[in-house]
Amino acid sequence: MLCTPPPPQPPLQSSRRPRPLPLRAAPRCSKPNDAEPSPSPPSTAAAGGVRRQVLSPEGRAKLDPRPDRDFYALPRLVTHVDDGFIATLTGLYRERLRAGWDVLDLMSSWVSHLPPEVRFRRVVGHGLNAQELARNPRLDLFFVKDLNKEQRLELESGTFDAVLCTVSVQYLQSPEKVFAEIFRVLKPGGVCIVSFSNRMFYEKAISAWRDGTAYSRVQLVTQYFQCVEGFTQPEVIRKLPSAGGSPSSPLDAVMRLFGVAGSDPFYAVISYRNFKPM
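In terms of the working numbering, the sequence shown opens at residue 577 and continues consecutively.
Calculated directly from the structure, the hints in this document are not laboratory data. Do not rely on the hints blindly, as some may be mistaken.
[To be verified] The calculated DSSO-like cross-link candidates involving lysine-lysine, where the alpha carbons are at most 30 angstroms apart (straight line), are: (1) K780 / K638; (2) K852 / K780; (3) K721 / K763; (4) K721 / K638.
[Claimed, not checked] Each pair of labels, with its calculated beta carbon distance range: (5) T666 / R698: 13 to 23 angstroms; (6) D646 / R728: 33 to 43 angstroms; (7) D787 / R698: 31 to 41 angstroms.
By construction, the Cβ of each residue, glycine as well, lies at the ideal position given by its N, Cα and C atoms.
Start from the sequences and build out the full structure, keeping to the hints where you can.
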(Lines of atoms letter the chains of each structure in order from A and count residues from 1; the text may use other names and numbers.)
(Lines give C-alpha, C1' and ligand atoms only; values in the text may rest on other atoms or scores of the structure.)
Protein backbone atom coordinates (compact mmCIF):
# COMPACT_ATOMS: atom_id res chain seq x y z
CA MET A 1 0.00 0.00 0.00
CA LEU A 2 1.29 3.47 -0.82
CA CYS A 3 2.00 5.81 2.06
CA THR A 4 -0.04 8.88 3.03
CA PRO A 5 1.49 12.37 2.80
CA PRO A 6 3.51 13.48 5.84
CA PRO A 7 3.61 17.05 7.18
CA PRO A 8 5.70 19.37 4.96
CA GLN A 9 9.41 19.48 5.78
CA PRO A 10 12.45 21.19 4.24
CA PRO A 11 13.17 19.57 0.87
CA LEU A 12 16.62 18.25 1.66
CA GLN A 13 16.05 16.72 5.10
CA SER A 14 16.47 12.97 4.99
CA SER A 15 13.48 12.50 7.28
CA ARG A 16 11.09 13.81 4.62
CA ARG A 17 9.10 11.01 3.01
CA PRO A 18 7.91 11.40 -0.57
CA ARG A 19 4.23 11.28 -1.41
CA PRO A 20 2.91 8.76 -3.91
CA LEU A 21 1.85 10.39 -7.14
CA PRO A 22 -1.91 9.94 -7.72
CA LEU A 23 -2.71 8.07 -10.91
CA ARG A 24 -4.50 10.05 -13.58
CA ALA A 25 -5.40 9.77 -17.19
CA ALA A 26 -2.48 10.55 -19.47
CA PRO A 27 -2.94 13.63 -21.68
CA ARG A 28 -3.52 13.14 -25.36
CA CYS A 29 -0.57 13.99 -27.53
CA SER A 30 1.27 12.76 -30.59
CA LYS A 31 1.52 9.01 -30.13
CA PRO A 32 4.65 6.91 -30.69
CA ASN A 33 4.24 4.36 -33.46
CA ASP A 34 3.12 1.17 -31.71
CA ALA A 35 3.03 -0.91 -34.87
CA GLU A 36 5.81 -2.59 -36.80
CA PRO A 37 8.44 -0.28 -38.31
CA SER A 38 6.92 1.80 -41.10
CA PRO A 39 8.46 1.65 -44.57
CA SER A 40 8.19 5.45 -44.73
CA PRO A 41 11.45 7.44 -44.56
CA PRO A 42 12.44 8.38 -41.00
CA SER A 43 12.17 12.07 -41.83
CA THR A 44 8.37 11.76 -42.06
CA ALA A 45 7.98 10.90 -38.35
CA ALA A 46 6.36 13.57 -36.18
CA ALA A 47 8.39 14.98 -33.31
CA GLY A 48 8.40 12.45 -30.51
CA GLY A 49 7.39 9.61 -32.82
CA VAL A 50 9.30 6.35 -33.12
CA ARG A 51 11.09 6.31 -36.47
CA ARG A 52 12.21 2.68 -36.31
CA GLN A 53 12.46 -0.29 -33.99
CA VAL A 54 15.93 -0.79 -32.51
CA LEU A 55 15.50 -4.26 -31.02
CA SER A 56 14.49 -7.53 -32.66
CA PRO A 57 12.01 -9.77 -30.83
CA GLU A 58 14.94 -11.96 -29.78
CA GLY A 59 16.85 -8.95 -28.46
CA ARG A 60 14.00 -8.11 -26.07
CA ALA A 61 13.95 -11.55 -24.42
CA LYS A 62 14.89 -12.17 -20.78
CA LEU A 63 16.10 -15.36 -19.13
CA ASP A 64 13.61 -14.84 -16.31
CA PRO A 65 10.14 -14.38 -17.82
CA ARG A 66 8.45 -13.56 -14.51
CA PRO A 67 6.79 -10.13 -14.26
CA ASP A 68 9.29 -7.53 -13.08
CA ARG A 69 6.94 -6.46 -10.27
CA ASP A 70 7.33 -9.95 -8.79
CA PHE A 71 11.12 -9.92 -9.11
CA TYR A 72 11.39 -6.56 -7.35
CA ALA A 73 8.68 -7.24 -4.77
CA LEU A 74 11.14 -7.17 -1.85
CA PRO A 75 12.96 -3.86 -1.25
CA ARG A 76 16.70 -3.81 -1.92
CA LEU A 77 18.15 -0.94 0.12
CA VAL A 78 21.62 -1.27 -1.37
CA THR A 79 23.56 0.53 -4.09
CA HIS A 80 24.28 -1.49 -7.21
CA VAL A 81 27.43 0.42 -8.25
CA ASP A 82 30.51 1.49 -6.33
CA ASP A 83 31.38 4.83 -4.74
CA GLY A 84 33.51 5.92 -7.68
CA PHE A 85 30.61 5.50 -10.10
CA ILE A 86 28.24 7.33 -7.75
CA ALA A 87 30.67 10.24 -7.31
CA THR A 88 31.07 10.55 -11.08
CA LEU A 89 27.30 10.48 -11.59
CA THR A 90 26.65 13.10 -8.90
CA GLY A 91 29.33 15.28 -10.47
CA LEU A 92 27.66 14.95 -13.86
CA TYR A 93 24.30 15.91 -12.37
CA ARG A 94 25.94 18.90 -10.67
CA GLU A 95 27.26 20.00 -14.06
CA ARG A 96 24.13 19.44 -16.16
CA LEU A 97 21.18 20.06 -13.81
CA ARG A 98 20.06 23.41 -12.42
CA ALA A 99 18.43 24.48 -9.17
CA GLY A 100 14.71 25.06 -9.44
CA TRP A 101 14.22 22.41 -12.13
CA ASP A 102 11.51 19.78 -12.34
CA VAL A 103 13.21 16.37 -12.42
CA LEU A 104 11.85 12.90 -13.22
CA ASP A 105 13.93 10.05 -11.81
CA LEU A 106 12.86 7.11 -13.94
CA MET A 107 13.34 3.53 -12.67
CA SER A 108 14.48 4.96 -9.35
CA SER A 109 15.02 3.45 -5.91
CA TRP A 110 15.78 4.57 -2.37
CA VAL A 111 18.54 6.96 -3.50
CA SER A 112 18.80 9.29 -6.51
CA HIS A 113 22.46 10.41 -6.31
CA LEU A 114 21.49 14.04 -6.85
CA PRO A 115 23.85 16.76 -5.56
CA PRO A 116 22.81 17.35 -1.93
CA GLU A 117 23.32 21.10 -2.13
CA VAL A 118 21.09 21.64 -5.18
CA ARG A 119 17.43 22.38 -4.46
CA PHE A 120 15.07 21.37 -7.23
CA ARG A 121 11.53 22.62 -7.64
CA ARG A 122 10.17 19.09 -7.82
CA VAL A 123 11.62 15.58 -8.04
CA VAL A 124 9.21 12.85 -9.15
CA GLY A 125 10.32 9.25 -8.80
CA HIS A 126 9.22 6.15 -10.66
CA GLY A 127 10.06 2.54 -9.83
CA LEU A 128 8.76 -0.93 -9.11
CA ASN A 129 8.93 -0.97 -5.30
CA ALA A 130 6.94 1.54 -3.26
CA GLN A 131 8.92 0.86 -0.08
CA GLU A 132 12.18 1.78 -1.79
CA LEU A 133 10.73 4.93 -3.31
CA ALA A 134 9.21 5.99 0.02
CA ARG A 135 12.69 5.86 1.58
CA ASN A 136 14.19 8.21 -1.03
CA PRO A 137 14.67 11.61 0.69
CA ARG A 138 14.92 13.52 -2.60
CA LEU A 139 11.53 12.53 -3.99
CA ASP A 140 8.54 14.82 -3.58
CA LEU A 141 6.19 12.40 -5.35
CA PHE A 142 6.49 8.89 -6.71
CA PHE A 143 4.53 6.30 -8.66
CA VAL A 144 4.91 2.58 -9.27
CA LYS A 145 4.62 1.22 -12.80
CA ASP A 146 6.03 -1.70 -14.81
CA LEU A 147 7.33 -0.11 -18.01
CA ASN A 148 7.63 -3.52 -19.63
CA LYS A 149 3.86 -3.94 -19.32
CA GLU A 150 2.72 -0.40 -20.09
CA GLN A 151 4.97 2.38 -21.35
CA ARG A 152 2.59 5.32 -21.09
CA LEU A 153 3.50 7.71 -18.25
CA GLU A 154 0.64 9.35 -16.34
CA LEU A 155 2.41 12.69 -16.54
CA GLU A 156 1.67 15.95 -18.36
CA SER A 157 3.52 16.63 -21.60
CA GLY A 158 6.39 19.10 -21.54
CA THR A 159 6.64 19.43 -17.75
CA PHE A 160 10.16 18.22 -16.85
CA ASP A 161 13.50 19.92 -17.30
CA ALA A 162 15.38 16.63 -16.85
CA VAL A 163 14.70 12.90 -16.98
CA LEU A 164 17.24 10.59 -15.33
CA CYS A 165 17.68 6.84 -15.65
CA THR A 166 20.42 5.25 -13.56
CA VAL A 167 21.74 1.68 -14.07
CA SER A 168 18.34 0.42 -15.19
CA VAL A 169 18.06 0.93 -18.96
CA GLN A 170 19.24 -2.67 -19.50
CA TYR A 171 15.89 -4.01 -18.29
CA LEU A 172 13.62 -2.19 -20.78
CA GLN A 173 11.96 -4.49 -23.30
CA SER A 174 10.21 -1.68 -25.20
CA PRO A 175 12.84 1.07 -25.02
CA GLU A 176 11.62 2.77 -28.20
CA LYS A 177 8.22 3.53 -26.62
CA VAL A 178 9.75 4.50 -23.28
CA PHE A 179 12.15 6.97 -24.90
CA ALA A 180 9.25 8.42 -26.89
CA GLU A 181 7.50 9.00 -23.55
CA ILE A 182 10.65 10.60 -22.15
CA PHE A 183 10.63 12.98 -25.12
CA ARG A 184 6.96 13.77 -24.52
CA VAL A 185 7.31 14.72 -20.84
CA LEU A 186 10.47 16.79 -21.36
CA LYS A 187 10.25 20.51 -21.90
CA PRO A 188 11.82 21.82 -25.14
CA GLY A 189 15.54 21.94 -24.38
CA GLY A 190 15.11 19.45 -21.53
CA VAL A 191 17.83 16.87 -20.96
CA CYS A 192 17.78 13.10 -20.53
CA ILE A 193 20.76 11.43 -18.84
CA VAL A 194 21.00 7.64 -19.03
CA SER A 195 23.86 6.17 -16.99
CA PHE A 196 25.00 2.58 -16.65
CA SER A 197 27.94 0.33 -15.86
CA ASN A 198 28.72 -3.34 -16.45
CA ARG A 199 26.55 -4.56 -13.57
CA MET A 200 23.08 -6.04 -13.96
CA PHE A 201 20.63 -8.61 -12.74
CA TYR A 202 21.70 -11.01 -15.46
CA GLU A 203 18.45 -12.94 -15.65
CA LYS A 204 16.42 -9.72 -15.98
CA ALA A 205 18.55 -7.90 -18.55
CA ILE A 206 17.38 -8.11 -22.15
CA SER A 207 19.31 -10.38 -24.51
CA ALA A 208 20.67 -7.52 -26.62
CA TRP A 209 22.28 -6.07 -23.49
CA ARG A 210 23.21 -9.30 -21.77
CA ASP A 211 25.07 -10.69 -24.77
CA GLY A 212 26.66 -7.37 -25.77
CA THR A 213 29.92 -5.59 -25.07
CA ALA A 214 30.61 -2.22 -23.43
CA TYR A 215 30.79 -0.66 -26.89
CA SER A 216 27.58 -2.27 -28.14
CA ARG A 217 25.68 -1.20 -25.01
CA VAL A 218 26.70 2.42 -25.51
CA GLN A 219 25.59 2.15 -29.14
CA LEU A 220 22.32 0.59 -28.05
CA VAL A 221 21.40 3.49 -25.76
CA THR A 222 22.54 5.93 -28.45
CA GLN A 223 20.12 4.26 -30.87
CA TYR A 224 17.30 4.46 -28.34
CA PHE A 225 17.60 8.25 -28.54
CA GLN A 226 18.12 8.28 -32.30
CA CYS A 227 15.01 6.21 -32.99
CA VAL A 228 12.79 8.99 -31.58
CA GLU A 229 12.29 11.99 -33.84
CA GLY A 230 13.41 15.22 -32.18
CA PHE A 231 16.19 14.18 -29.80
CA THR A 232 19.55 15.86 -30.37
CA GLN A 233 22.61 13.87 -31.38
CA PRO A 234 23.49 11.85 -28.25
CA GLU A 235 26.62 12.69 -26.30
CA VAL A 236 28.59 9.85 -24.74
CA ILE A 237 30.65 10.17 -21.55
CA ARG A 238 32.96 7.38 -20.43
CA LYS A 239 35.09 7.01 -17.33
CA LEU A 240 36.95 3.71 -17.23
CA PRO A 241 39.00 2.23 -14.38
CA SER A 242 42.68 3.07 -14.57
CA ALA A 243 45.01 0.14 -15.14
CA GLY A 244 47.79 1.82 -13.17
CA GLY A 245 48.11 3.16 -9.67
CA SER A 246 48.05 1.46 -6.33
CA PRO A 247 45.16 -0.80 -5.34
CA SER A 248 42.69 0.97 -3.07
CA SER A 249 41.99 -2.13 -0.95
CA PRO A 250 43.12 -5.76 -0.49
CA LEU A 251 40.08 -6.85 -2.49
CA ASP A 252 41.10 -4.51 -5.31
CA ALA A 253 44.58 -6.06 -5.30
CA VAL A 254 43.14 -9.58 -5.52
CA MET A 255 40.80 -8.57 -8.33
CA ARG A 256 43.67 -7.03 -10.28
CA LEU A 257 45.67 -10.23 -9.77
CA PHE A 258 42.94 -12.10 -11.63
CA GLY A 259 42.62 -9.42 -14.30
CA VAL A 260 39.40 -7.89 -12.99
CA ALA A 261 39.09 -4.12 -12.54
CA GLY A 262 38.41 -3.07 -8.98
CA SER A 263 36.03 -0.23 -9.81
CA ASP A 264 32.93 0.09 -11.94
CA PRO A 265 33.24 1.65 -15.41
CA PHE A 266 31.01 4.68 -15.91
CA TYR A 267 28.99 5.35 -19.05
CA ALA A 268 26.41 8.04 -19.68
CA VAL A 269 24.50 8.88 -22.83
CA ILE A 270 22.93 12.35 -22.89
CA SER A 271 20.44 13.92 -25.28
CA TYR A 272 18.10 16.92 -25.32
CA ARG A 273 14.59 17.46 -26.60
CA ASN A 274 14.77 19.56 -29.80
CA PHE A 275 17.91 21.53 -28.91
CA LYS A 276 20.72 21.85 -26.38
CA PRO A 277 20.42 25.13 -24.45
CA MET A 278 23.45 27.39 -24.54
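To see whether the hints hold, each was checked on the structure:
no. : hint                            : verdict
1   : K780 / K638                     : 6 angstroms, holds
2   : K852 / K780                     : 34 angstroms, violated
3   : K721 / K763                     : 22 angstroms, holds
4   : K721 / K638                     : 19 angstroms, holds
5   : T666 / R698: 13 to 23 angstroms : 19 angstroms, holds
6   : D646 / R728: 33 to 43 angstroms : 21 angstroms, violated
7   : D787 / R698: 31 to 41 angstroms : 39 angstroms, holds
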